[in-house]
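Participant: Each protein sequence line maps, in turn, to chains A and B. Under my numbering, think of the first position of the first sequence as 1, with each following residue one higher. Under my numbering, think of the first position of the second sequence as 1, with each following residue one higher.
Certain hints may be false.
Under 7 Å between C-beta atoms, here's a sample of chain A residues computed to sit facing chain B [stated by the list, open to error]:
1. ALA30
2. ASP35
3. TYR42
4. ALA43
5. GLU50
6. GLU51
7. GLU58
8. ASP60
No lab work stands behind these hints: they were computed from the structure. Backbone N, C-alpha and C fix where the C-beta goes; we use that ideal spot for every residue, glycine too.
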Amino acid sequence: MVPPRTRSPIRVLIAKPGLDGHDRGAKVVARALRDAGMEVIYAGLRQTPEEIVRAALEEDVDLIGLSILSGAHMALFPRVLTLLRKEGASKIPVFAGGIIPDEDARRLKRLGIRAIFGPGATLDEIVRTAEQLARHAS
Amino acid sequence: MSRPVRLPPTAQAIVRGDRRALARAITAVEDGDASADLLLRSLYARSGNAAVVGLAGPLGVGKSSLVNALVGLLRARQKPVGVVAVDPSSPFSGGSVLGDRIRLERRADDPDVFFRSMASRGAVGGIASTTTDVVRLLEAAGFPTVLVETVGSGQVDVAIREVATTRVVVTAPHLGDEVQTLKAGLFEIADVFCVNKSDLPGADVAERDLAELASLGASRDGWRPTVVRTSATTPSGIEELWSAIEAHEAFRAASGDRAGAERRRLAAEIVDRVRDRLAGEVARALEDDPALARLLDQVVDRALDPRTAADRVLEQRLRAR
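Chain B with its partners taken away, still in its complex shape (with noise of 0.2 Å):
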């Protein structure tokens, strides 16, 4: 694999393991600054080699009490880890209370663990716009786990699948009939289904309606989803959930995901990067270039149609390049 020789001195400090340069790159990237642009090019060669493992989920069923305990079994294994875990901005005020962070217990002087919060900053799907690229970092920082947990929500936030290379759903007794297990979703993205407070009455016959939903079919890569119990605070099963991730990123390994999966997300970011920034050019040309501010006019006069001028605003960018 070939990598930049020279990495910017922040770039550096990160790979060395400070984790102020880490904590402070993230806010870079989150604020959009041009300074994380430079540094995530440059660690970008350093990713790609981690679990990422997603936990999404309705609102209370233990996502964080999970994060922790699995934050718990990790570092008796001594093995470091990192968490990001988003929670939803306020769509009035823009503000947040990231409030994951109450259930870590760890010491605090360990190293080897890394807690960041994320607010989504107007982003749907259950994960920040640049949850992606924080991933990235906490990587080249070289964590080889980080747990992303997800805004608690509904069913159709299913941005996880992006950033995530296995995604655990958890869900808990009593949540809905198994008439909820076929809706479309987020029960069709799930490589291992999480039946937390397993302690609870009802356990039973929500692990049965999974596991009945898991063996309907596998999943495009040939997966077929698992079904594991856990009770987060107890604790139980939590052994038994970290298996099972395993499981799925030793599959993931044996068959290739760099050509599949992975491959996808990929191409999906980067069709994400070209539109983001050609919309922006546009946007911007419309208001500033009198040609186009001309062909807005016409669209405005009923001339022309919008599809016909948008052909043209094409032809008129990629001939500029």
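One chain only, chain A, in its complex shape (with noise of 0.2 Å):
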């Protein structure tokens, strides 16, 4: 039997950036986007900037989501959308999440971070958004 055809996943990069080890957070969203049924791409710890958008174009995701709690986000994600916009990728949306005071969320949402998850966001908001964001970029 030939299955029917079904939505293809949602293929998603989780990526830390800056020099924190701490990706407890990272890996719980990963599980908690691999159990919605998407193919979570874990790029692990220490990424740069650079590294984070070349795995996105090699990986073909629809999305890219960005955690970090060393202070460095207000360097570290502009310059991964500047590389994604370089690259004629701007259309993947990036979400982020971590220890990102108010201030600073609201910049970086100007800048084009679709959606930021502080300290208490449920998995559920998460998931419900990251699908809601990779739906309608693509």
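With the hints as a guide, bring both chains together as one complex.
Facilitator: Here it is in structure tokens:
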């Protein structure tokens, strides 16, 4: 039997830019997205913005999730967005999580980060947002 | 060799080295998109020349680390390399965490490495059903070496046989006594045995057991598997591993593999494709075609047996052509 064609899974890159080693949050989110039926490319710790964009393009992902706890988000997130634009890939939505002060979050959203999750965000909320972002981008 | 004169634009882009086009084409192939079909037909003539190295073996023996070490070695020698790393899809959610990239170390601006993670999407055997086609795209994109890392898994995951030209079976010390090496499955398909984590105690025993297994007999094509010791993270033994792979590739070229193993692989692929298409057509016809629906009714009523029904279906399909 040839099974009926179903919608192809959402591919999402989860990466941690910067130098902090706290990847528990990224892993928990990766697992939640997996359980929601997504293919999660887990790039791991200490990724440069260049490596993140390279991975996103090679893996042809629908969505990028960045996790950061080091405080360097104002330097690293805009750099990811700039590189994506340079590659003509600014259509790939980027969301983020970590310890990001409200004021920074507002500025990052203006720059093009589509959603930002701090402590207290539920996995449900993250999964729903990720699905919406990926489906509307493509 | 005859090649189509005009390639579709996407195919041209892939051949020119456009990595975005390659990445998108791989997605189309994975998703069974109609655009992939034309692409694969037009690019087939450009495949078949790469060394396709499959790495198979149990969970946690260091396949990803070995892939990273081999990429490092090949890049140090200025050789381009493509990688396809397969991880399992969840049988429950269909989702997947593809984590093989975390071992990869390379310059972010190096265009001569292409790394792609694949979910197995329900296929058993250690690779996805589309892995063979994805490897062909990488070949068409000009990669002379393609490394395929299979799902780290069990004993009978031998599908890598159908895609790789050289099969490396990776193991590590203390994964079992020599009786394990006698069991059927993965150990039967190795061209090269690799004892990884050889800095750990027990590597001598593992190597000896495999060497003994290898000495018992040559494969159908006359190749006797070699045994190599590596430590992927040190790293050590990586040059020896690559030499062993190259030796098998040279043997393959010299022994006319196209007439042997490759011919068998491609025959199997044609059979699979015909079976899949026929099965799909028949499954649909049993529901849509009133004559076949009546046939099915008879089988349900025990007025006809399924074997005879299958004969009739086949006759009808063949007449229809």
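Participant: Holds or violated: is there a CB of chain B closer than 7 Å to the CB of GLU51 (chain A)?
Facilitator: With Cβ-Cβ at 5 Å, under 7 Å, it holds.
Participant: Is the hint on GLU50 (chain A) kept, meaning its closest Cβ partner in chain B is under 7 Å away?
Facilitator: It holds, given that the least Cβ distance between GLU50 (chain A) and chain B is near 4 Å, below 7 Å.
Participant: ALA30 (chain A) was flagged as interface toward chain B. Is the shortest Cβ-Cβ separation under 7 Å?
Facilitator: holds (5 Å)
Participant: Less than 7 Å between beta-carbons is the criterion; does GLU58 (chain A) satisfy it with respect to chain B?
Facilitator: holds (5 Å)
Participant: Given ALA43 (chain A) was flagged as interface, is its beta-carbon under 7 Å from a beta-carbon of chain B?
Facilitator: Interface hint status for ALA43 (chain A): holds (5 Å vs cutoff 7 Å).
Participant: Using the nearest Cβ pair, does ASP35 (chain A) come within less than 7 Å of chain B?
Facilitator: Nearest chain B Cβ about 5 Å off; hint holds.
Participant: Under the criterion of a CB-CB separation shorter than 7 Å, is ASP60 (chain A) in contact with chain B as hinted?
Facilitator: holds (4 Å)
Participant: Do the numbers back the hint for TYR42 (chain A), that is, is its least Cβ distance to chain B under 7 Å?
Facilitator: With Cβ-Cβ at 5 Å, under 7 Å, it holds.
Consistency with the previously given hints is maintained throughout, with no hint failing.
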